[in-house]
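Visitor: Here is what each chain is made of, one letter per residue.
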Amino acid sequence: MNRFSFLKFSSIIFFCLCTLVHGQEIKKTTEALLRNQFGKSTSLKEQKYTIPATAKKKAESAAKQKFNNSFIYIYTASVNGAVKGYGFLDNVQGKAMPITFLVIFDTKGNILSSAIVKYREQYGGEVADKNWNKQFKGKNSSSDFTVGKSIDAISGATISVNSVTRGIKKLAVLFREIF
Amino acid sequence: MNRATFLVITVFVLSSPAFAQDDFFTPTTTVSGYGELHYTNSTSDSKKATKQLDFHRFVLFFGHSFSEEWSFKSEFELEHNLVTGKDGEIELEQAYLSYTPYPYLGFRAGVVLAPVGIINEIHEPPTFFGVERPEYHNAIIPTTWFGNGVSIFGSHKGFEYQLNAMEGLNSDKFSTSSAIRSGRYKGFKPDASNLLYTLRLDYNFNSHLKAGVSASYNKAKGDTSQTEFNLLEAHARYQQAGLYAAFEAAQISYNAGAMESSLGYYAEIGYDFGKHFKTDWQFIPFFRYSYYNTAAKVRNANLDPDKFGYNLIQFGINIKPLTNIVIKADYLSKKRVSDSDETRTFSLGVGYMF
Numbered sequence: 001m002n003r004f005s006f007l008k009f010s011s012i013i014f015f016c017l018c019t020l021v022h023g024q025e026i027k028k029t030t031e032a033l034l035r036n037q038f039g040k041s042t043s044l045k046e047q048k049y050t051i052p053a054t055a056k057k058k059a060e061s062a063a064k065q066k067f068n069n070s071f072i073y074i075y076t077a078s079v080n081g082a083v084k085g086y087g088f089l090d091n092v093q094g095k096a097m098p099i100t101f102l103v104i105f106d107t108k109g110n111i112l113s114s115a116i117v118k119y120r121e122q123y124g125g126e127v128a129d130k131n132w133n134k135q136f137k138g139k140n141s142s143s144d145f146t147v148g149k150s151i152d153a154i155s156g157a158t159i160s161v162n163s164v165t166r167g168i169k170k171l172a173v174l175f176r177e178i179f
Numbered sequence: 001m002n003r004a005t006f007l008v009i010t011v012f013v014l015s016s017p018a019f020a021q022d023d024f025f026t027p028t029t030t031v032s033g034y035g036e037l038h039y040t041n042s043t044s045d046s047k048k049a050t051k052q053l054d055f056h057r058f059v060l061f062f063g064h065s066f067s068e069e070w071s072f073k074s075e076f077e078l079e080h081n082l083v084t085g086k087d088g089e090i091e092l093e094q095a096y097l098s099y100t101p102y103p104y105l106g107f108r109a110g111v112v113l114a115p116v117g118i119i120n121e122i123h124e125p126p127t128f129f130g131v132e133r134p135e136y137h138n139a140i141i142p143t144t145w146f147g148n149g150v151s152i153f154g155s156h157k158g159f160e161y162q163l164n165a166m167e168g169l170n171s172d173k174f175s176t177s178s179a180i181r182s183g184r185y186k187g188f189k190p191d192a193s194n195l196l197y198t199l200r201l202d203y204n205f206n207s208h209l210k211a212g213v214s215a216s217y218n219k220a221k222g223d224t225s226q227t228e229f230n231l232l233e234a235h236a237r238y239q240q241a242g243l244y245a246a247f248e249a250a251q252i253s254y255n256a257g258a259m260e261s262s263l264g265y266y267a268e269i270g271y272d273f274g275k276h277f278k279t280d281w282q283f284i285p286f287f288r289y290s291y292y293n294t295a296a297k298v299r300n301a302n303l304d305p306d307k308f309g310y311n312l313i314q315f316g317i318n319i320k321p322l323t324n325i326v327i328k329a330d331y332l333s334k335k336r337v338s339d340s341d342e343t344r345t346f347s348l349g350v351g352y353m354f
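So the sequence lines, in the order shown, correspond to chains A and B.
Per my numbering: the first sequence = residues 1 to 179.
Per my numbering: the second sequence = residues 1 to 354.
Think of the hints as simulated: they come from the structure by calculation, not from any bench.
Here a beta-carbon is modelled for each residue, glycine too, at the ideal position from N, C-alpha and C.
Don't take each hint at face value.
As the list claims (entries may be wrong) - Listed below are the simulated SDA-like cross-link pairs for lysine to any residue, each with C-alpha atoms no more than 25 Å apart in a straight line:
#1 K139/A x L243/B
#2 K28/A x Y102/B
#3 K95/A x I327/B
#4 K95/A x K334/B
#5 K58/A x P321/B
#6 K335/B x L53/B
#7 K95/A x L322/B
#8 K157/B x L112/A
#9 K95/A x K278/B
#10 K48/A x K64/A
#11 K278/B x D144/A
#12 K95/A x L53/B
#13 K95/A x D22/B
#14 K157/B x R35/A
Claimed, not checked - To give an idea of the interface, some chain B residues facing chain A are shown, with a C-beta separation under 8 Å as derived from the structure:
#15 F19
#16 F24
#17 N41
#18 E68
#19 G106
#20 I122
#21 F153
#22 H156
#23 N204
#24 N206
#25 K210
#26 Q239
#27 Q240
#28 D272
#29 D280
Turn these sequences into a full structure, and let the hints steer you where they fit.
Guide: Take a look at the structure:
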């Protein structure tokens, strides 16, 4: 390799590595959350899942919220070959920016935990609060998700609270429809 | 294929995994807004009774996210339906570009809001009790306080901060009856020689309790006067299991002019009874006590501070069929400290946000 092509080669590698590092922030956080839930030795299988039309319609009408995309990411978490649960990674719309969130289910569709993976706006970031997210633990597709009743509202975070709550309900219904 | 090409291809393939960050972000333009219709019926010991039906505010937000880091937000407002001569107002209350490379560090420039108190930044009708915004947020905090400037902001582990530098105020317009309120340029060709600086800190104790303080300083200047002032303010909000409570207090100190200080505070509590019934609607009766004095301490011995002090007692109900829609009713008794002159106001309102 001559001097010129070596430079070209290294800059391409550098560029690719940068993309790799930057693009993996959401993935890294998601995997850490799943391993935190199921244990360090959990093996994770990631799938970009296209939502079937009927399931999509049912989930959307139950939650009164549309899906942001035609797909979600589904992580299957296994320990020693046995499936322990699933992580659904999706977006909902905040006031102006999308909110990326994760819902972790057991194999029956009960919520084990939920978390905000990436919040992009200045206001309303309180939805990332761990205690607020604990309210969803144990809920499933037939639970009540009404903000102000089963789910506490948060002052100054009205839009994100409603958006994320509906998003979580939507994924709980989707789970019922596809598993 | 030579070795170098092979390596380049390998690295490229490795760096383009199935998982794409772009799947979670696409540039979007958003339109949202809020509005409020008010009916007020006011009687007073000393003034003529008034009844008014007012579509107080019609507001549109336009926003655009260019990338995960760069976004734009604006708030365009028409007050009292119509603008003719000196009546009614069209305001550009917000219009700024944000660059947020990290959750703990972001920047903003444009028409920004002064980060002071509970209501100034978040003032959509379903978010506060009572048809009108609390009077304290008119007399002491000149809500909506906006102007041209820049901000640095961020949050980390429950802490939130914001440092703001924006246009200052016109001290010629300060007055004993409205404190600093009339000194706002509202972005209209403001004097940029003395900026208003505000530092705000908030802490989220948990998802129920949030409390914070802010400190503002400005060497306000007019054609005929110059007054340095600072505004110190503390606020807290609590919300859990249907219970809503809030508290805020502020003091403005001036180094020149008729007033030495202005001050005010209020405390409010509400409870959602809808929780106990089989309905999605929220029924939240509330009670608020407030005191403010726009000229609490004066330099001129001929001025009686008690003439500018008021005790306010207010109660009413916010009914919310949906989170973003509110129907309001309230009664307000406002008594002047000096002579107990009382104004009684009954108000009805509807408001929305989306």
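Visitor: Confirm or reject each hint.
Guide: The hints, checked one at a time:
1. K139/A x L243/B: Holds - the C-alpha atoms of L243/B and K139/A are around 23 Å apart, at most 25 Å.
2. K28/A x Y102/B: holds, 16 Å
3. K95/A x I327/B: holds, 23 Å
4. K95/A x K334/B: violated, 37 Å
5. K58/A x P321/B: holds, 24 Å
6. K335/B x L53/B: Satisfied, since the Cα-Cα distance of roughly 24 Å is no more than 25 Å.
7. K95/A x L322/B: holds, 17 Å
8. K157/B x L112/A: Holds: K157/B and L112/A sit about 23 Å apart, inside 25 Å.
9. K95/A x K278/B: The hint is violated at about 30 Å.
10. K48/A x K64/A: At roughly 24 Å apart (the allowed maximum being 25 Å), K64/A and K48/A satisfy the hint.
11. K278/B x D144/A: Roughly 12 Å separates the two Cα atoms, so the pair holds.
12. K95/A x L53/B: violated, 30 Å
13. K95/A x D22/B: Roughly 19 Å separates the two Cα atoms, so the pair holds.
14. K157/B x R35/A: Distance ~21 Å between K157/B and R35/A Cα, so the pair holds.
15. F19: At 5 Å from the nearest chain A Cβ, F19/B passes the 8 Å test, so the hint holds.
16. F24: holds, 5 Å
17. N41: violated, 29 Å
18. E68: Nearest chain A Cβ about 6 Å off; hint holds.
19. G106: G106/B check passes; min Cβ-Cβ to chain A is 6 Å, inside 8 Å.
20. I122: Hint on I122/B: holds, closest Cβ of chain A at ~5 Å, below 8 Å.
21. F153: OK, holds: F153/B within 8 Å of chain A, min 6 Å.
22. H156: violated, 10 Å
23. N204: holds, 6 Å
24. N206: holds, 5 Å
25. K210: Hint holds; K210/B Cβ to chain A Cβ min 7 Å, cut 8 Å.
26. Q239: holds, 5 Å
27. Q240: holds, 6 Å
28. D272: Since the shortest Cβ distance to chain A is 6 Å, the answer is holds.
29. D280: Hint holds; D280/B Cβ to chain A Cβ min 6 Å, cut 8 Å.
Hints 4, 9, 12, 17 and 22 from the earlier list are contradicted by this structure; the remaining hints agree with it.
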